[in-house]
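Chain residues, written in single-letter form:
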Amino acid sequence: MKRTMTLNLSDAEMSVLDAMCEEKGLSKTALVRQALRLYKSVDDRLARGEKVFVESADKSEKVELMVL
Amino acid sequence: MKELVDRVFLLNRATGRFEDADLYHGLDSTNLAHIEGRWRPLFELRRREAKASLQTLAEVNAEDAHWEWGKKALAALNDPFLFDFFVLECGGSTQAILMTRKGGQDCFSRHPEHQRLPLIYVEFLATAPWNRPKLVAEPTYKGAGRALVGTAVSLSLEEEFGGRIGLHSLPGAEVFYRDAIGMTDLGADSEGVHKGLRYFELSSRDAATFLSVQH
Chain V
1 MKRTMTLNLS DAEMSVLDAM CEEKGLSKTA LVRQALRLYK SVDDRLARGE KVFVESADKS
61 EKVELMVL
Chain Z
69 MKELVDRVFL LNRATGRFED ADLYHGLDST NLAHIEGRWR PLFELRRREA KASLQTLAEV
129 NAEDAHWEWG KKALAALNDP FLFDFFVLEC GGSTQAILMT RKGGQDCFSR HPEHQRLPLI
189 YVEFLATAPW NRPKLVAEPT YKGAGRALVG TAVSLSLEEE FGGRIGLHSL PGAEVFYRDA
249 IGMTDLGADS EGVHKGLRYF ELSSRDAATF LSVQH
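Keeping their order, the protein sequence lines are chains V and Z. Take the first sequence: its position 65, counting from 1, is numbered 65 in the numbering used here, and each next residue is one higher. Take the second sequence: its position 29, counting from 1, is numbered 97 in the numbering used here, and each next residue is one higher.
In isolation and in its complexed conformation, chain Z is listed as follows:
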């Protein structure tokens, strides 16, 4: 159900050392068990704390706490023609998860440098709650989200899409995609299923820059 495709490094913030992380194509019941048994309780705890202190979910970096990965996995497994799943494992836990789409109306570029060319659309990307600044006081691993963005770029290159990727960001993640990854902010959708969310794209040129930088 999943296949090891690469090994990357994550910075353990507590020790200051890099650790090997396994990148898998696909996911299995172990990953879903990690998400339900380890991610969700932490999300729930912070959600309740945020509510009690009148903070928004964006302010505690937990806007995606309600995502149901089991349902998403089922949808992807039923349609491997369009969807791919990737998980990143390190330290005995699932550290991040990514679902991509490679066909359909979201898979065409809006970027002025190459409008209408095909791209990989990032349906969902999430890192484990214990890796998130603002959600926990001392995040564990750094680099999990960036590693999976790199995975989407690699998939785009493999599909001959020039490294182009696109996504709609939750408000709390906009700064990450814009400033940390270097994606272009193409504004909020005014209609459709992503109405109100800002659309970001990594152009072919920016993808090359992203891949050339040592992280």
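Just chain V, with the same shape it has in the complex:
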């Protein structure tokens, strides 16, 4: 069963959402679903004490990803 919700976003936030939907070829619903899954998968790892890193393209820099 699916439920419907209303989301209040600022103009700037909505612009980012629109741009990402356009770039990814997804509806707002699908994009939010994907973002939620990504967020949860990262959060689950952090909760287990793991760390998530982001590496630069040339591999010279590696920083830990910090989330809420």
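Heads up, some of the hints might be wrong.
As the list claims (entries may be wrong) - Derived lysine-lysine pairs resembling DSS-like cross-links, with alpha carbons at most 25 angstroms apart:
#1 V:40 with Z:139
#2 Z:202 with Z:119
#3 Z:70 with V:2
These are computed hints drawn from the structure, not numbers from a lab.
Please build the complex by placing chain Z on the supplied structure of chain V, with the hints as guidance.
Leaving out everything else, chain Z in the frame of chain V:
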């Protein structure tokens, strides 16, 4: 615990007629009882026969005989956010079962046409042993595996993943995914939990072709 989502047709090879099959989202204790009480004894029988005749499980189409669907179902039910289960019932029995994942590191395309785009990952797909060529002399129903591949493609479309699906195949099923379904063979994984298994993907374009063909 399960919900009827569609009705498909399976070819009864004995009668030559198509029969209605019910496709459910989710599964219940009846399905697990079918697997434990009807699937497993047949798998065990063939496993013993294969061992006695020095055949591999791949040669008798029973490489997945050890899969514990009860444990898999429990894992999926505990995490409906990521996992979906589908079962196909026909003739009073469970004819095939499918477990999919819609989030996580396996859910990104490796296909050169659309690398890194999201997809539905097929964790496990199995048809009843009596439907399998090589496992039994006269298989009962034809089309159960294909119907559940179609279900995964439909889920992918519903999730706006363009019909893309991916999976790691057991060696004995590679021909089915490559030749019967038309998936792209992207080679064997060299590391990770699927090490040694070949990875197959159905691209968005191939998914459209798959759905357009009358089966």
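Status of the hints after comparison with the structure:
1. About 23 angstroms separates the Cα atoms of residue 40 (chain V) and residue 139 (chain Z), which keeps this hinted pair within 25 angstroms; it holds.
2. Under the criterion of a C-alpha separation no larger than 25 angstroms, the hint pairing residue 202 (chain Z) with residue 119 (chain Z) is consistent with the structure, at around 15 angstroms.
3. At most 25 angstroms may separate the alpha-carbon atoms for a hinted pair to count; residue 70 (chain Z) and residue 2 (chain V) meet this at roughly 15 angstroms.
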